[in-house]
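Use these hints to put chain G onto chain D, whose structure you have.
Chain order of the listed sequences is D and G.
Numbering of the first sequence is given in UniProt numbering, commencing with residue 1 and proceeding in unit increments.
Numbering of the second sequence is given in UniProt numbering, commencing with residue 1 and proceeding in unit increments.
Please keep in mind that the hints were generated in silico from the structure rather than gathered at the bench.
Among the clues, some could well be false.
[Stated by the list, open to error] With a straight-line Cα cutoff of 30 Å, these simulated DSBU-like cross-link-like pairs (lysine-lysine) come out:
{"hint": "1", "chain 1": "G", "residue 1": "Lys247", "chain 2": "D", "residue 2": "Lys13"}
{"hint": "2", "chain 1": "G", "residue 1": "Lys226", "chain 2": "G", "residue 2": "Lys12"}
{"hint": "3", "chain 1": "G", "residue 1": "Lys226", "chain 2": "D", "residue 2": "Lys9"}
{"hint": "4", "chain 1": "D", "residue 1": "Lys7", "chain 2": "G", "residue 2": "Lys12"}
{"hint": "5", "chain 1": "G", "residue 1": "Lys104", "chain 2": "G", "residue 2": "Lys79"}
{"hint": "6", "chain 1": "G", "residue 1": "Lys111", "chain 2": "G", "residue 2": "Lys79"}
{"hint": "7", "chain 1": "D", "residue 1": "Lys9", "chain 2": "G", "residue 2": "Lys12"}
{"hint": "8", "chain 1": "G", "residue 1": "Lys226", "chain 2": "D", "residue 2": "Lys13"}
[What the hints assert, rightly or not] Now the stretches of chain G that chain D is said to cover, found in silico as 3 or more residues with beta-carbon under 8 Å:
{"hint": "9", "stretch": "143 to 151"}
{"hint": "10", "stretch": "154 to 165"}
{"hint": "11", "stretch": "182 to 193"}
Heads up, the beta-carbon is just placed ideally off N, CA and C, and yes, glycines get one too.
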Amino acid sequence: MKSDDKKSKSVAKERLQFVLVQDRVKLTPDEMDAMRDELIEVLSKYIDVDSQKIEMDVRREDDMTALVANFPLKGSK
Amino acid sequence: MAGKTIVITSGKGGVGKTTSSANIGTALAMHGNKVCLIDADIGLRNLDVVMGLENRIVYDIVDVVENNCRLEQAMIRDKRYDGLYLLPAAQTRDKTSVTPFQMKELIEKLKEDMDYIVVDSPAGIEQGFKNAIAGADRAIIVTTPEISAVRDADRIIGLLEAEGLRDPEVIINRIRADMVERGDMMGIEDMIEILAIELIGIVPEDEGIVVSTNRGEPIALNDNAKAGQAYRNIARRIMGEDLPMMKLEKDSFISRFKKLVGLS
Numbered sequence: 001m002k003s004d005d006k007k008s009k010s011v012a013k014e015r016l017q018f019v020l021v022q023d024r025v026k027l028t029p030d031e032m033d034a035m036r037d038e039l040i041e042v043l044s045k046y047i048d049v050d051s052q053k054i055e056m057d058v059r060r061e062d063d064m065t066a067l068v069a070n071f072p073l074k075g076s077k
Numbered sequence: 001m002a003g004k005t006i007v008i009t010s011g012k013g014g015v016g017k018t019t020s021s022a023n024i025g026t027a028l029a030m031h032g033n034k035v036c037l038i039d040a041d042i043g044l045r046n047l048d049v050v051m052g053l054e055n056r057i058v059y060d061i062v063d064v065v066e067n068n069c070r071l072e073q074a075m076i077r078d079k080r081y082d083g084l085y086l087l088p089a090a091q092t093r094d095k096t097s098v099t100p101f102q103m104k105e106l107i108e109k110l111k112e113d114m115d116y117i118v119v120d121s122p123a124g125i126e127q128g129f130k131n132a133i134a135g136a137d138r139a140i141i142v143t144t145p146e147i148s149a150v151r152d153a154d155r156i157i158g159l160l161e162a163e164g165l166r167d168p169e170v171i172i173n174r175i176r177a178d179m180v181e182r183g184d185m186m187g188i189e190d191m192i193e194i195l196a197i198e199l200i201g202i203v204p205e206d207e208g209i210v211v212s213t214n215r216g217e218p219i220a221l222n223d224n225a226k227a228g229q230a231y232r233n234i235a236r237r238i239m240g241e242d243l244p245m246m247k248l249e250k251d252s253f254i255s256r257f258k259k260l261v262g263l264s
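Just chain D, same shape as in the assembly:
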């Protein structure tokens, strides 16, 4: 067993999802980070976003590929 006890299958799935986001939107990791930071900046003007819990994913659906982002609100459940 490796130092952390996470199964290698979960590691693979997470890493795969990460590279596919970049492949699908054709952005570099730096550009993705920049987009994320700018989105946080804009949203924070209006709402209290919990920046630790943000999730961004690019999903392929029936007719389109969509950027799906989750911006949980601070203190919300």
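Chain G only, in chain D's frame:
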């Protein structure tokens, strides 16, 4: 007759495109279909050896498009099934020797006489891939449960859709139930969820594939092989049957015990 053309592709090399093409073609012919397999991997032909037809090649696909021979002269009849043919790739030429337009023309001609045309695509996303998909009505992507193969499959899905080949389907090849079980291999659901495409079959890892390739006899011919069953099922799904997916068998206690003590 208006045949259907299916391209077997993957992006990544070594995931089982050629094995899948040979077995799907063979299984379709077993069900009484007239089938022509096309090896579109010009310069690296291999469908001939997997089919066990390598010593019958006289002409190839490039000879056909350059009018050195008639199409029928280049088509090799299978040893086992009358309705099964192989149109081999050229080995001493490169991918630019055939254009997408020529491929389309060739397939249109074959469609008059065949129920199915199965095109084995080369790895990669360049000219050879573009040729292979040029005349296709339907695309099947082969992947294995590895990050690199699934990532490339995802790229291919995007490229196919950009070329107007909608709704590709996927074969997940070389899956190992024991590894999925212990959390060391991505499962079918994981990959289908990520790729968001239709599953047309799962093929378990099977040592029999190596043996069948050694002999030049597609495993679909073997009634007792799991992988052979998997490919026969895929062929029936291609023909429109609604079959449940194969249950993956974990190693039994006995076989695990045998491995442990070195008996198998």
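Structure-based check of each hint:
For the hint linking G/Lys247 to D/Lys13, the alpha-carbon distance of about 22 Å falls within 30 Å, and the restraint holds. For the given pair, G/Lys226 sits about 24 Å from G/Lys12 by alpha-carbon distance, which is consistent with the 30 Å threshold. The hinted pair formed by G/Lys226 and D/Lys9 meets the criterion: a straight-line CA distance of about 24 Å does not exceed 30 Å. Of the supplied pair hints, the one linking D/Lys7 and G/Lys12 holds, its CA atoms being roughly 25 Å apart against a limit of 30 Å.
Using a Cα cut-off of 30 Å, the hinted pair G/Lys104 and G/Lys79 holds, with the two alpha carbons roughly 27 Å apart. Between G/Lys111 and G/Lys79, the direct Cα distance comes to roughly 22 Å. Compliance with the 30 Å bound is thereby established for this hinted pair. For the suggested pair D/Lys9 and G/Lys12, the alpha carbons sit about 20 Å apart, so the restraint of at most 30 Å is met. Between the alpha carbons of G/Lys226 and D/Lys13 the distance comes to roughly 27 Å, so the proposed pair stays at or under 30 Å and holds.
Residues of the stretch 143 to 151 of chain G with a Cβ under 8 Å from some Cβ of chain D number 4, which satisfies the need for three, so the listed coverage holds. Only when three residues or more bring their CB closer than 8 Å to a CB of chain D does the claim for the stretch 154 to 165 of chain G stand; here the count is 4, and the claim holds. Counting residues of the stretch 182 to 193 of chain G whose beta carbon lies closer than 8 Å to any beta carbon of chain D gives 7, which meets the minimum of three for the stated coverage.
Violated hints are absent here; each numbered hint is respected by the structure.
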